[in-house]
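Under numbering that gives the first Met the number 0, the sequence shown has 318 at position 319, and the numbering climbs by one with no breaks.
Warning: the hint list may mix true and false statements.
As the list claims (entries may be wrong) - Quick list of in silico lysine-lysine cross-link-like pairs, BS3-like style, CA-CA up to 30 angstroms:
no.	residue 1	residue 2
1	K90	K259
2	K259	K444
3	K342	K557
4	K409	K338
5	K342	K90
6	K126	K488
7	K444	K241
8	K93	K117
9	K90	K557
10	K557	K338
11	K126	K90
12	K259	K338
13	K241	K488
14	K338	K241
15	K280	K409
16	K259	K557
17	K562	K550
If you are wondering where the hints come from, they were derived from the structure by calculation, not from laboratory data.
Note that this is a predicted model, so its numbers are computed, not measured.
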Amino acid sequence: MLSILHPHHHHHHHNCLVYRSHNHFTIHVCSAISLFLLSYQCFSSSFYPSLSPRSSLSSTGVRTDPRNSLFNIRPVTHPMTMAANMRILIKGGKVVNDDFTQEADVYIENGIIQQVGKELMIPGGAKVIDASGKLVLPGGIDTSVHLEQTFMNASIQEDFYSGTKAALMGGTTMVMGLVLPEQHCSLLDAYEHCRALADAKACCDYALHVGVTWWGPKVRSEMETLVREHGVNSFQMFMAYKDMMMLRDSELYQTLQTCKDIGAVARVHAENGELVAEGAKEALDLGISGPEGIEISRPEELESEATHRAITIANRARCPIYLVNVSSMAAGDMISAAKIQGKVVHAETTVAHAVLNGMQYYHQDWSHAAAHVIVPPLRLDPNTPNYLMGLLGNDTLSVVASEHRPFSTKQRALGKEDFTKIPHGVAGVQDRMSVIWERGVVTGKMDENRFVAVTSSNAAKIYNLYPRKGRIIAGADADVVVWDPDATKTISVSTQVQGGDFNLYEGLRCHGVPLVTISRGRLVCENGAFMCAAGSGKFYPQRTFPDYLYKKMVQREKTQGYKGVDRDPYSGDVAMVANTMKKELGLGPIDGDSSKLVPRGHQGVRDLHESSFSLSGSQVDDHVPKRSSARILAPPGGRSSGICVFVSNGQAVPCGDDIQLLCSAL
Numbered sequence: 000m001l002s003i004l005h006p007h008h009h010h011h012h013h014n015c016l017v018y019r020s021h022n023h024f025t026i027h028v029c030s031a032i033s034l035f036l037l038s039y040q041c042f043s044s045s046f047y048p049s050l051s052p053r054s055s056l057s058s059t060g061v062r063t064d065p066r067n068s069l070f071n072i073r074p075v076t077h078p079m080t081m082a083a084n085m086r087i088l089i090k091g092g093k094v095v096n097d098d099f100t101q102e103a104d105v106y107i108e109n110g111i112i113q114q115v116g117k118e119l120m121i122p123g124g125a126k127v128i129d130a131s132g133k134l135v136l137p138g139g140i141d142t143s144v145h146l147e148q149t150f151m152n153a154s155i156q157e158d159f160y161s162g163t164k165a166a167l168m169g170g171t172t173m174v175m176g177l178v179l180p181e182q183h184c185s186l187l188d189a190y191e192h193c194r195a196l197a198d199a200k201a202c203c204d205y206a207l208h209v210g211v212t213w214w215g216p217k218v219r220s221e222m223e224t225l226v227r228e229h230g231v232n233s234f235q236m237f238m239a240y241k242d243m244m245m246l247r248d249s250e251l252y253q254t255l256q257t258c259k260d261i262g263a264v265a266r267v268h269a270e271n272g273e274l275v276a277e278g279a280k281e282a283l284d285l286g287i288s289g290p291e292g293i294e295i296s297r298p299e300e301l302e303s304e305a306t307h308r309a310i311t312i313a314n315r316a317r318c319p320i321y322l323v324n325v326s327s328m329a330a331g332d333m334i335s336a337a338k339i340q341g342k343v344v345h346a347e348t349t350v351a352h353a354v355l356n357g358m359q360y361y362h363q364d365w366s367h368a369a370a371h372v373i374v375p376p377l378r379l380d381p382n383t384p385n386y387l388m389g390l391l392g393n394d395t396l397s398v399v400a401s402e403h404r405p406f407s408t409k410q411r412a413l414g415k416e417d418f419t420k421i422p423h424g425v426a427g428v429q430d431r432m433s434v435i436w437e438r439g440v441v442t443g444k445m446d447e448n449r450f451v452a453v454t455s456s457n458a459a460k461i462y463n464l465y466p467r468k469g470r471i472i473a474g475a476d477a478d479v480v481v482w483d484p485d486a487t488k489t490i491s492v493s494t495q496v497q498g499g500d501f502n503l504y505e506g507l508r509c510h511g512v513p514l515v516t517i518s519r520g521r522l523v524c525e526n527g528a529f530m531c532a533a534g535s536g537k538f539y540p541q542r543t544f545p546d547y548l549y550k551k552m553v554q555r556e557k558t559q560g561y562k563g564v565d566r567d568p569y570s571g572d573v574a575m576v577a578n579t580m581k582k583e584l585g586l587g588p589i590d591g592d593s594s595k596l597v598p599r600g601h602q603g604v605r606d607l608h609e610s611s612f613s614l615s616g617s618q619v620d621d622h623v624p625k626r627s628s629a630r631i632l633a634p635p636g637g638r639s640s641g642i643c644v645f646v647s648n649g650q651a652v653p654c655g656d657d658i659q660l661l662c663s664a665l
């Protein structure tokens, strides 16, 4: 634990900290700095020292931009000015992080975890929470939440107040929303609009991804501005939603290059949008108009193909990739193979995909089936949920999100006669933690530490929030959940706080209940009671170039860059090229003279290494006399009704059945 010098202690004639230095990275050096007027606290950990490079320090040793520090220097208000409810002691619990579990008390003051350990020295006036027999977890981070926006002609049934309240009630202390600009509209304007809505209503900390729904120089410029001036470090691209948000491969490549250049997290929704559109047309033509059409028109192979393509494009762009909404075993295998090959690939699935299967789309009740519409769809193979949960357990999949986007039955009825018009989205921000505990930890697919990783810590690492978020450690933000692993609750739409009129997990009895939720040091939920005002949550600006994604990529750039061959220039003759359409299509000889043919070594003998194919239908050795012959191939089940061509002395003529029989005899 870092010791603190109080204001009445003097060092170099001024109030000062004890400072730490590390082998490769430095926070600040005690002999080089003294701080004036206020006492400060600098938090560090022997397990996870700050990984901010020296270049971010000023000549005095103080960071020039506090956002560039994992553990910022924070002015501390004098204890006498702080309300008693800002001091919380969680006593007797087991602290669970993603890498170890320990029995320890946790002391929180002024929104920060001040101490973790046994026999802590605690000032008076602290609220004591008895966590005996309970677990103390980092608050959950839900990386895919959609609030207060319109999607597919329907308004999402959740605003930033009710959505963040539901998150806190379920043990999630930070949500990450998605800003979706209309095509050819400003990313900045869409971001500012979303910020205005969220700042007024959010109850917990939040961050924003920004969707790249079209591409051009203006988009690139705005991405740079969002990163540089607005605290955004993640963008989402779509390979599906043709004519709405889908990017072509070349556009995706350029977007990923931009993400790499600015150090952003590149989130990609991977489905083959062209074939999805064709599949939807085919299903409707066959008279399939119900929710089952979602599953029929978006099979697994369209996801796995796009997943492979996205990973390939990202690898060529040398950009880390983060795949969202992984729904199938085939896509999971593709991600696993890419990781084995050393590619920097991370992925998230959703609670729905990891728990439910696609038979829900064939339910006799249309409203029940439609309530499960999410893309990619739930998969028919009943083994898929267990498989995806296993991938979460073994680190193939890094994060589980809710993909919370609730709609009402009336809104889904927009597609009662056409499944393509059912708005895509399900509710789940409130139930995410408990459902994953029940289906992941209770079943043995993962342990308590891995549960923390997939619900909190990995997201914090990927989005450069760690260890300020996602870890119970001195100096981290006080986002803490007291979790009862033995308590149970039964999920029901009648008791949910989250929006929507349907719950995917209706009647599911879950072990694992959040008893207490603390957000930035505020006690916001206790035993089912909610105590938090709208607008008390804060936007959390994010730093770029997260080490968890970019550290390997930066090193590879240094060691694996392409280099040209140093050689003497060519000094010989250069052929003249005819500028014809035929030449542009690559159909003519390289010297532009169509009259010249490649000489043959032996007349009448075809060189198997040379192609005899010609767009005109002729052969390059048609002038060689040969025995007239033809081969007639009839497909299984009968002869084709197509035109038969008989070749006679180099001349092709149509033939009837009589000549076909003659040919067969020959």
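For the pair supplied as a hint, K259 and K557, confirm whether the alpha-carbon distance does not exceed 30 angstroms. Holds: K259 and K557 sit about 14 angstroms apart, inside 30 angstroms.
30 angstroms limit on alpha-carbon distance, applied to hinted pair K259 and K444: violated, 34 angstroms
Would you mind confirming whether the straight-line C-alpha gap from K93 to K117 stays at or under 30 angstroms? Holds. K93 to K117 sits at ~11 angstroms (cutoff 30 angstroms).
Would you check the hint for K342 and K90, treating anything up to 30 angstroms between C-alpha atoms as holding? violated, 43 angstroms
Just to be careful, I want the Cα atoms of K280 and K409 compared with a cutoff of 30 angstroms; is the pair within it? Holds, at roughly 24 angstroms.
Restraint check for K338 with K241, where alpha carbons must lie at most 30 angstroms apart: holds, 29 angstroms
Pair hint outcome, K90 versus K259 [Cα-Cα no greater than 30 angstroms]: Measuring from Cα to Cα gives roughly 44 angstroms; hence the hint is violated.
Quick one, are K557 and K338 close enough, alpha carbons at most 30 angstroms? holds, 21 angstroms
Are the Cα atoms of K259 and K338 separated by 30 angstroms or less? Given pair K259, K338 holds - Cα atoms ~19 angstroms apart, limit 30 angstroms.
Within 30 angstroms, alpha carbon to alpha carbon, are K126 and K90? Roughly 10 angstroms separates the two Cα atoms, so the pair holds.
Proposed proximity, K488 with K241 (alpha carbon, max 30 angstroms): Not satisfied, since the Cα-Cα distance of roughly 41 angstroms exceeds 30 angstroms.
Does K557 lie within 30 angstroms of K90 when you go C-alpha to C-alpha? violated, 49 angstroms
Hint compliance for this structure: hints 1, 2, 4, 5, 7, 9, 13 are broken, all remaining hints hold.
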